[in-house]
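Engineer: Sequence:
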Amino acid sequence: VDQVRPLKRVSPADGEQASVAPEAKKPRSTNENATVMHKFQCKICYVTFTSEKGLTDHLCSAHKVKISCKLCKNSFSPDDFKDHKADCFTQNKAQRKPQRATAVPATATTPSAASKPKVKPTVPTIIVVPKPNEKHSCYICKEFFRKQNLSRHLESHERHRNQMSQLVTEDESKEQTVCDKCGKLIGRFGLEAHRATTCGDVEVSSCDSHLIKGHVNKVHWMVLVKCRFCPNEYTSKDLATNHERRSHREAWEEKNREGVKRFDLDRDQSDAMLSIQTNTNEEQDSETCPVGFNVHGAKSHIEAHVRKSHSSDYLSIAMSDSIVSCGEDVVENFSAAEDFDAAQYISTVLGSSTPEADAI
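Throughout the sequence shown, residue numbering follows the numbering used here, covering 1 to 360 in sequence.
Heads up, a few of these hints could be off.
Said to hold, decoys possible - Restricting the straight-line Cα-Cα distance to at most 30 Å, the calculated cross-link-like pairs of lysine-lysine (DSS-like) are:
| no. | residue 1 | residue 2 |
| --- | --- | --- |
| 1 | Lys64 | Lys82 |
| 2 | Lys73 | Lys53 |
| 3 | Lys142 | Lys66 |
Hints in this document: simulated from the structure, not taken from any laboratory.
Kindly generate the complete structure, drawing on both the sequences and the hints.
Structural biologist: Right under this line is the structure:
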């Protein structure tokens with residue numbers, strides 16, 4: 001009988017490919033953090049710099065921080081500390097040489113000690129951080145503020161500078177000069193164009209096309225309209241109207257009030273129909289509203305007031321030649337006033353017809 005050999009128990013890990021162990025994380029090289037490690041941050045205003053020198057200069061100029069020497073305990077600015085560092089180190093080294101000679105006996109130099117390179121000792125620099133309540137001076141007005149208030153103060157200086165520059169530019173743009181020909185106030189940049197358009201010192205042929213057009217329209221154009229209140233003449237009705245409205249405001253409004261009439265009646269007929277009461281006082285030549293008796297003023301003002309505020313009464317006056325009191329009679333006669341034909345009344349009853357009345 002053949003002996004049965006015991007089967008060798010094989011683990012599944014032996015038959016299959018063993019799983020590869022995870023690789024350990026590679027340490028980050030120092031070059032990857034070079035930009036982070038070499039940043040120097042100010043502990044006062046948290047500004048970041050790429051070099052220690054930049055941080056030191058910032059602390060000295062912005063926060064008035066000084067560097068203290070480790071050897072002599074004195075404080076200096078960065079520029080002065082460079083010159084002081086060499087002198088102070090040489091003096092300190094000269095003072096320590098005789099002390100070493102007396103304290104340490106001279107020994108034979110061994111070859112191992114002689115072969116070692118000599119390393120110069122470095123003097124550590126200490127940056128003095130100001131106290132929280134310490135005040136700093138403003139480089140503009142030389143006043144002292146705390147660090148949290150200094151930035152706001154500098155911003156106020158900046159805003160004031162911007163406002164002043166804006167005011168200066170506005171004043172320069174608004175600056176005006178007087179024309180030596182007509183005495184008109186002209187802007188500093190428009191004097192040349194003004195002289196060109198009014199036949200001044202500058203020749204018109206050398207000006208731009210828009211200036212020549214304005215010169216021709218103003219000087220060599222045919223006069224169409226004249227001002228009703230002054231001898232000025234204009235080439236269009238719009239220009240004359242604008243001139244009257246701006247230069248002769250009161251007279252222009254008076255003319256407009258006289259021209260706006262419900263009935264274009266003669267002045268004497270209108271006075272007789274309205275029965276305007278004139279005050280007997282010679283010093284005050286004013287008139288009273290014949291309907292309400294509460295408005296006083298010039299004759300033209302009273303007429304315009306009656307036509308506007310008492311339209312139905314005015315129509316009743318024109319039809320019956322009598323004043324109708326304000327109240328219920330106004331409402332009753334208003335329907336009849338709407339059907340009243342003003343042009344027919346003027347032509348038949350009064351026997352006077354004008355072109356303006358016919359136009360109504």
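Engineer: Below or equal to 30 Å on CA atoms is what counts here, so check Lys142 against Lys66.
Structural biologist: 19 Å, holds
Engineer: What's the verdict on Lys73 and Lys53, does the C-alpha distance respect the 30 Å limit or exceed it?
Structural biologist: 21 Å, holds
Engineer: Straight-line Cα separation of Lys64 and Lys82 no greater than 30 Å?
Structural biologist: At roughly 17 Å apart (the allowed maximum being 30 Å), Lys82 and Lys64 satisfy the hint.
This entry satisfies every hint, going by the numbered hints stated previously.
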